[in-house]
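There are 2 protein chains.
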Amino acid sequence: MKSEIIAVGSEMLTPFRQDTNSLYITEKFNGIGVTVAFKSIVGDRQKDLVNAICTALGRVDILILMGGLGPTEDDLTREAVAEALSLTLRRDASQVAALHARAATWRITMPQNNLKQADVLESATLLPNLNGSAPGQWLDTTFGGYRKLIALLPGPPHECRPLFDIECLPRLSVAVPPRTIAVRTLKAAMIPESQADKLLAPIYTTYTDVETTLLAHTGDLQITLICSKPDADAARQRVDELAERVEETLEDWLYSSQGDSLEQIVLYYLELRQATLAVAESCTGGLVAERITSVPGASRSFLGGVVAYSDELKASLAGVPVELIGRHGAVSAEMAKALAQGIRGRTGATVGVGVTGIAGPTGATESKPVGLVHIAVCDAQGCDAVERTFRGDRNRVREWAAQQALDLVRRRLM
Amino acid sequence: MKSEIIAVGSEMLTPFRQDTNSLYITEKFNGIGVTVAFKSIVGDRQKDLVNAICTALGRVDILILMGGLGPTEDDLTREAVAEALSLTLRRDASQVAALHARAATWRITMPQNNLKQADVLESATLLPNLNGSAPGQWLDTTFGGYRKLIALLPGPPHECRPLFDIECLPRLSVAVPPRTIAVRTLKAAMIPESQADKLLAPIYTTYTDVETTLLAHTGDLQITLICSKPDADAARQRVDELAERVEETLEDWLYSSQGDSLEQIVLYYLELRQATLAVAESCTGGLVAERITSVPGASRSFLGGVVAYSDELKASLAGVPVELIGRHGAVSAEMAKALAQGIRGRTGATVGVGVTGIAGPTGATESKPVGLVHIAVCDAQGCDAVERTFRGDRNRVREWAAQQALDLVRRRLM
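Protein sequences, first through last, are from chains A and B. Numbering-wise, the first sequence is residues 1 to 414 according to this note's numbering. Numbering-wise, the second sequence is residues 1001 to 1414 according to this note's numbering.
Read the hints as simulated data drawn from the structure, not as lab findings. Beta carbons: idealized from backbone N, C-alpha and C, even for Gly.
Just some of the chain B residues that point at chain A, by a computed CB distance under 7 Å: (1) E1027; (2) T1213; (3) L1215; (4) G1286; (5) L1303; (6) S1310; (7) P1361.
With the hints as extra help, turn the sequences into a complete structure.
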C-alpha cells in the first residue's frame, strides 16, 4: 500500500524550518511494508490544503496529515479535510470538557478559540494526545470509490510521534496486508556514479522486485536495495542475493555492504591490524581528522595529527625537511610523502597520511591549478601516493580530498 | 506569484535523507517576492513524477524540479516533464560533444547511458551546469491556458544552487512583478534561544510590518528580519531600524549584523589586529581548524594546529609539559591552557586555542561527565578560559565546543 505524508504549516515553507516528523513516520511505515510515495508541505491556507488532500487521496491509500490542529485561526487541517471529503464537523462535548479540565490544571481561563480543538470530523475516531491539547483523528473512509485511511496528527514532534506509534500503527497493521520490507545499503568510494551504474544496471534491472537507488556525493556512492514481500525471508533473500552480486561487481571500490561510513571502515581495519593512524593535513585543514574523530571510540586507533597551513609548520610540526619545500614546492608528491612520513615519525603511528593541495579560490599557479591535490599514505612497508585534480569550489575540493585520503588509507590497510 | 518546489529522488522518501536545496531556493524566491506555496518530494517513478508535475502546474505559476537529471535509469525528470506537457525530447549534438569532452578530461570512456543527459525538451533553454555533467533546462510555456515557468535543475546542492542563482533568478526577476523585500540577518553566539526571545520579543512584536524569525543551532542564533513594502527605501529603513535595536539589545552576544559566519568574523578580527592563530584540539578532533580553513583566504591569518588525541601527542606535538597530564588529567582547565600556550609557542602564533573535553559516548568518570569541555584562548597578554558541560551526543558536544572556542577567540580579539 502507498502512503503520502503531508506536513501542514507555513513556517515549513520558509528558508528556516524543515519537517522532520516524516523521516520518523517513514521508518515506521517501512517496517510494516508501507511505502511512502509522496511527501508534501503545505501552508496554512485552506484552499491549498484542500487541493493537497484531494491530490493525495487520488494517488495513495494512506494519508497522514501532521500539523494544523491547534487553536489558532490558521490551524485549518480539520476544516480542510471536512471540505475535501464533504464531511461535517461536530463539536464533541467530552472534548470540550477535557479542554476545560486541561486549562484548569494550568490555572488559566480557556480562551474561546481553544474550542476548535474539540471539533471532530463526522465518522472519525478521536485519538487521545497524551502530550498536548489537540487530539488526533482517524478516518477509515472512501474517496472516489476506494478505501482510504486518513490520520490527522498534531505537528509538534513530541505529540505527533507517540500518537502515530500508539494510535496509528496498530490500526494500520490490521488494515495493511502483511508484508515486510528488507533494506540493505552498500557503499563504494571514488567510483564515478555513471561508471557504477554502467556496471550495475545490467544486474539490478533484472531484479524487478528490488528497488535499487544509487546516490553519489563527493566520491561516496550509496547503493540502497529495498524489497517488499509478504514473506520476510523471501524479501531478505532477494536483497542479499542482489547485494552479493553488487559486491562481486564493484570489487574493491566497495568498502561496506552494511551501510557503514568510510571513516568507520578505516577505524575497523586499523583495529583489525592493531595499527594506529596519524594525519598531516594542509589543504583539508583538519577535515580528515574531524571525520575520523567523529566516530565513537576513534581514540583507540587514531593518535592525532597536525594541520600545517604554513611552510614553517610543515617543518616544525610535521617534521618535513626544510630544504624539501624549496626544492619541490608545498604542493607536490614529495611534500605529501614527507608529510605522511614526518607525522609517522613524530607520533610513532603505524600509518601516516599526508594531504597537500590547492583548495582555492586563490593559490593556483600556471602548472598547479585549483583542485590539484597530492595525497600519500605511508607505513613501514612503503608509501601509496596519488595526484588528483578535483573540480568545484573550496569546500568541494576539500571534501573530495578528504574522501580520497580516507579511501587510500582503507586500500593500504586492506 | 506562487511557486512549488519538487525534489525528485526515492532516497528522499527513505528515513535517511532529506531535501535541503528547497530551503536555499525558498530564501532566494522570497528575496524577489515569490512565495513558495507547496513543496513536494517524489520518488524515481515516472508515473508518480508526471502526477506531481501536473498537480503542481495546476496550482502554481513557477515550478522548480530538482534531481533526476543524471545518467542512470532512474533519472526520469526529463521524461516526466515531456509526458506531462506532451513535449518531445531531442538529443542535443553540442551537449553530446560536451559530454565526450568532459569524459576525456577525466580520462575515461564515456558510458553510453551518459548520453541521456544531452536530451533536451522541445522549446527548452539549456542551462549550463558549471559543476556537473547534467545541464539544467528552462521552460517558459503554458499549461491549461496559463503561463508557467519551469526549471529542471540537478539535485546535488553544489550543482543545483549556483544554477538557480545564475540561470533562474535573472529570468524570474524579469517575469515576476516587481516588489521590494528588505532582508537582514543578524547572528549571535552562545546565547540561549529562549533568553534571546525574551529580550527581543517586546521589541520585534511592535514591528508588525517586519517578519522576525529566530533560529538556533548549537550555539549559533540567526535572527532574520524581512519587510515587504511598495517603496524599497521604506522597507529597508524599517529593517535597519529594527536591526539597530536588536544590536543594542544583544550587545556583545551579537557577532555579525550582516549574516557573516562566526569563523569569518574571527578571521576578520585577526586580519584587523594583524594577528595569527593556531589551535590545539583534543575532543573537537580538527573541527575548529576545519571551520576556520573552510573560509577562503584563511591562510593569511591561520597558521595551523594539532589534533592531539593521545596524551603523548599532547606533549610531543602541542608542547604540553608531561607532568601536567598526570597532575591535572587530560580534561582540565590547566590542560586547555597548556594546549593553547603550547601551540602558541610551537607555531609563533599571536593567539593560541586549546580545547579538551569528553565528547562521549565513553570516557566519562564520576567527576567528569560526557559533555564536559575546557577551552582556553591565550595571547601575549594572558588567557581566557571557560568550562562548559554541553548536552547531546558526540557530534553535538563537538559542535558546541567548536562554536564556544571560536566565540572565545572572537571575544578575546574584540
